[in-house]
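Per our numbering: the sequence shown = residues 57 to 226.
Worth flagging that the hints you see were computed from the coordinates, not collected in a lab. Take the hints with a grain of salt, since some may be wrong.
As the list claims (entries may be wrong) - Quick list of the computed label-pair ranges, beta carbon to beta carbon:
no.	residue 1	residue 2	range
1	73	193	48 to 54 angstroms
2	113	59	40 to 46 angstroms
3	150	179	27 to 33 angstroms
4	112	77	36 to 42 angstroms
5	148	109	26 to 32 angstroms
6	85	221	17 to 23 angstroms
7	200	128	24 to 30 angstroms
8	130	95	20 to 26 angstroms
9	221	125	24 to 30 angstroms
10	105	201	33 to 39 angstroms
11	156	125	22 to 28 angstroms
12	63	157	45 to 51 angstroms
13	199	84	21 to 27 angstroms
Said to hold, decoys possible - Taking lysine to any residue pairs in the SDA-like style, the calculated list, with each CA pair at most 20 angstroms apart, reads:
no.	residue 1	residue 2
14	81	171
15	103	215
16	156	211
17	81	69
18	103	91
19	103	203
20	156	224
21	156	203
22	103	58
23	103	145
24	81	95
25	156	95
26	103	226
Quick caveat, the model's predicted, so the values are computed rather than measured. In this text, a Cβ means the ideal position worked out from N, Cα and C, and glycines have one as well.
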Amino acid sequence: EYLGPLILYPVFYYYYPVYKFFGYKGERVIHPVQTYAMYYWCFHYFKRIMETFFVHRFSHATSPVSNVFRNCLYYWTFGAWVAFYVNHPLYTPVNELQMKIGFGIGVICQISNLYCHILLRNLRGSDASGGYQIPRGFLFNIVTCANYTTEIYQWLGFNIATQTVAGYMF
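Could you put the whole structure together from the sequences, leaning on the hints where they help?
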């Protein structure tokens, strides 16, 4: 699921002929926001993969195998779509302050999201026998699903920094 976006995004960043395939004939200038967006995107999906292996504890099958195909279609399609527009040669970058604010919000929320996942993991025993507890501490004292809240806000930060319709729809 998460490997697709991690691979696809850099293809659009590094492999310029992809745009020539779609008919673009001009030169390409890489703006700093495009580079930061690629690092941000790759960090996010690398973090998700590492969390799957080292943080999350699964007590039983959490979803049917058929969901893997649907999820892959979603993540891979949106990953390609966002990457296509953020890295497009005609992309118009936002101003530097907006980029810094957006990525600043995003990075803080990515780190907060990891911390929320660690707090949730610690609620379950190491044998992953199941059972649920109400999480307490950190952002869980403010919102019920702090992990989802930080996920939403980290993508809001990305979209403030990049300003693409594809990103907001993602």
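Results for each hint:
no.	hint	result
1	73 <-> 193: 48 to 54 angstroms	holds (50 angstroms)
2	113 <-> 59: 40 to 46 angstroms	violated (21 angstroms)
3	150 <-> 179: 27 to 33 angstroms	violated (39 angstroms)
4	112 <-> 77: 36 to 42 angstroms	holds (38 angstroms)
5	148 <-> 109: 26 to 32 angstroms	violated (38 angstroms)
6	85 <-> 221: 17 to 23 angstroms	holds (21 angstroms)
7	200 <-> 128: 24 to 30 angstroms	holds (29 angstroms)
8	130 <-> 95: 20 to 26 angstroms	holds (23 angstroms)
9	221 <-> 125: 24 to 30 angstroms	holds (26 angstroms)
10	105 <-> 201: 33 to 39 angstroms	violated (22 angstroms)
11	156 <-> 125: 22 to 28 angstroms	violated (38 angstroms)
12	63 <-> 157: 45 to 51 angstroms	violated (29 angstroms)
13	199 <-> 84: 21 to 27 angstroms	violated (41 angstroms)
14	81 <-> 171	violated (45 angstroms)
15	103 <-> 215	holds (19 angstroms)
16	156 <-> 211	holds (14 angstroms)
17	81 <-> 69	holds (16 angstroms)
18	103 <-> 91	holds (18 angstroms)
19	103 <-> 203	holds (14 angstroms)
20	156 <-> 224	holds (18 angstroms)
21	156 <-> 203	violated (23 angstroms)
22	103 <-> 58	holds (10 angstroms)
23	103 <-> 145	violated (28 angstroms)
24	81 <-> 95	violated (26 angstroms)
25	156 <-> 95	holds (14 angstroms)
26	103 <-> 226	holds (18 angstroms)
Hints 2, 3, 5, 10, 11, 12, 13, 14, 21, 23 and 24 from the earlier list are contradicted by this structure; the remaining hints agree with it.
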